[in-house]
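**Q** What follows is each chain in one-letter form.
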Amino acid sequence: MGVVSLHPVDYIARTREQYDALGYEPYRWAEWPEPPAWTPLAKPVEESTVALLGSGGAYQEGQVAFHWQDDTGIRMVDTAQPASDVRVTHFAYDLLPAREDPNIVFPVDRLRELVDEGFLGGLAPEAVAFMGGIYSVRRAEEELTPRILEAVGAMDVDLALLVPV
Amino acid sequence: MGLVARALEAAGVPTLCLTAAHSITAAANPPRAAFVDLPLGYTAGRPHEPAFQRDLLRRAFDAFESIEAPGTIVDTGVRWSDDESWKHTASSGLNNGVVSAEGDTRSERTPDPQYQYESDRLAAEGA
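Protein chains in written order, with this note's numbering: chain W, 1 to 165; chain C, 1001 to 1127.
Rather than coming from a laboratory, the hints here were simulated on the basis of the structure. Even for Gly, the Cβ is constructed at its ideal location relative to N, Cα and C. Check the hints yourself; a few may be wrong.
[Stated by the list, open to error] Label-pair restraints from in silico Cβ distances:
| # | chain 1 | residue 1 | chain 2 | residue 2 | range |
| --- | --- | --- | --- | --- | --- |
| 1 | C | 1050 | W | 154 | 28 to 34 angstroms |
| 2 | C | 1119 | W | 34 | 42 to 48 angstroms |
| 3 | C | 1086 | W | 44 | 18 to 24 angstroms |
| 4 | C | 1123 | W | 44 | 36 to 42 angstroms |
| 5 | W | 46 | C | 1068 | 30 to 36 angstroms |
| 6 | W | 138 | C | 1108 | 20 to 26 angstroms |
| 7 | W | 96 | C | 1011 | 44 to 50 angstroms |
| 8 | C | 1082 | W | 138 | 41 to 47 angstroms |
[As the list claims (entries may be wrong)] In silico negatives: residues of chain W with every beta carbon more than 10 angstroms from chain C:
| # | residue |
| --- | --- |
| 9 | 76 |
| 10 | 78 |
| 11 | 126 |
| 12 | 158 |
[Claimed, not checked] Which stretches of chain C does chain W cover? Using the computed rule of at least three CB atoms under 8 angstroms from a CB of chain W, they are:
| # | segment |
| --- | --- |
| 13 | 1001 to 1008 |
| 14 | 1011 to 1018 |
| 15 | 1029 to 1041 |
| 16 | 1044 to 1051 |
| 17 | 1064 to 1074 |
| 18 | 1114 to 1121 |
In isolation and in its complexed conformation, chain C is listed as follows (with noise of 0.2 angstroms):
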């Protein structure tokens, strides 16, 4: 998403990203981002929770006006929780937990579309 940033900043739009993954964020070094403390897959909030949701995209929506260099990454001191046990077994940064050491579940990277739904197959294939 960094590279993503860099380029619409570049050509003229203003960004901000929002990110999770802290260490993949600074190294990509995207104009704005603003720190979420969440698990993987959960970049803007816990689901079924529209008021968390909305807090977190209004802090994020604060960074946006409050970073005034390039490169800043802004804690927006949104957490998951008060215990941090879940990072204990958050796992690879390419995946949400499904790559250990003890071994490698990820999905099969396959090159058909992967339809959510059959029926989504069906309205796609028919259009």
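If we strip away everything but chain W, and leave its shape as in the complex, we get (with noise of 0.2 angstroms):
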């Protein structure tokens, strides 16, 4: 599994020190400690059809682009495009790179390649596309939630992928 030292980036540390430093109220974080439901794997991911979700803000030609302040809304985009026609929108990451290269946020080539090559069974036709940085988590329990239910309820998946930024 590659380098095995761990030391990830304590971004709740630093956004609080930074908060602090500034003179800002403390950032609240989302926290769950009740343990998550669980669902098991129905069947071996390789006949496995995947569900992408993602939420850098991806959006493709002809949608409503996200706006930047907490936008719950989804877009729902076509995973047979090429990730170069992807487009994203986002207010609180480097945009650059992702627009260089899509996949970074919105994997959709790479599953693609995957299902090709027999690693997954399949690739759901849409891929559920959402803007993070939603900072009221009663409009992100509400709003955005409950409509990404009702997309992946409509899809015939096994399994969902979720790529946040």
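Build the complex: two chains, separate frames, hints provided.
**A** Rendered as structure tokens:
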């Protein structure tokens, strides 16, 4: 599994320090200490159809782009089109590299290739794209999450891969 | 993303979260997560390196099959490079290095659609 040293950047601590230095109110991260729900895989990955969900703000030409003020909408992105046709918009990460190669936040080309080589069973025809960085947990729960559940519920998929930024 | 994963899993869809932000994911406590030691904004790999990106995803799906306990974060072993100096300049988890103790230079959070290209705006408004 490659290099084993594990010293992840502690973004929570770093954000806390930076907000404090700027005189901001402390940012409150979402915390759910209760154990998460659990659904076992129904079949091996190589037989499973995968739904891609990405919070990097992807959209496609013809769609209204995300705005940058707690946009709780979703966009359904055609996974048959090359990633080079996917657009990204987001207020809170460096968009330049992702616009050069959208696969780094929305890996549709790579997932198609894994299907082609037989590593995955299939890829859902549409991916669910949304924009993270919604500062209201309540709005994420009450507006965004139901839209995602409805979209994925309408798909015939076996599992979901979630790619945040 | 942890919130979405928890809700999908409760609705009967198995989920795996990729994550480059270990502490944030640990707090959100999704059912399954695969950690990659990459800067924010590069969760699925380095740009224009398809072999690196495919390897990352294969490791993530291996984690999907291997995790047995809810709330597990597997370290995929994926690293940006042997040189970890990027971590010193990596900034807030709210953004990719544009807030620091020296100042807040985040993009204004406007309520208007933010198109990548002007032609996208025209296509959307004409649609």
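**Q** State for each hint whether it applies.
**A** Each hint, compared with the structure:
1. 1050(C) with 154(W): 28 to 34 angstroms: Holds - the Cβ-Cβ distance for residue 1050(C) and residue 154(W), about 30 angstroms, lies within 28 to 34 angstroms.
2. 1119(C) with 34(W): 42 to 48 angstroms: holds, 46 angstroms
3. 1086(C) with 44(W): 18 to 24 angstroms: violated, 36 angstroms
4. 1123(C) with 44(W): 36 to 42 angstroms: holds, 40 angstroms
5. 46(W) with 1068(C): 30 to 36 angstroms: violated, 19 angstroms
6. 138(W) with 1108(C): 20 to 26 angstroms: Given range 20 to 26 angstroms: holds, Cβ gap about 23 angstroms.
7. 96(W) with 1011(C): 44 to 50 angstroms: Given about 36 angstroms between the Cβ atoms, the range is violated.
8. 1082(C) with 138(W): 41 to 47 angstroms: holds, 42 angstroms
9. 76: holds, 14 angstroms
10. 78: holds, 14 angstroms
11. 126: Non-interface label stands for residue 126(W): nearest chain C Cβ at 15 angstroms, farther than 10 angstroms.
12. 158: At about 7 angstroms from chain C, residue 158(W) fails to clear the 10 angstroms cut-off, so the statement is violated.
13. 1001 to 1008: holds (count 8)
14. 1011 to 1018: Answer holds; 8 residues pass the 8 angstroms Cβ test.
15. 1029 to 1041: Coverage by chain W holds here, the residue count being 7 at a Cβ distance below 8 angstroms.
16. 1044 to 1051: holds (count 6)
17. 1064 to 1074: holds (count 4)
18. 1114 to 1121: Held - the segment 1114 to 1121 of chain C has 7 residues with a Cβ nearer than 8 angstroms to chain W, which meets the minimum of three.
Figure legend: structure checked against the earlier numbered hints; hints not met, in rising order: 3, 5, 7 and 12.
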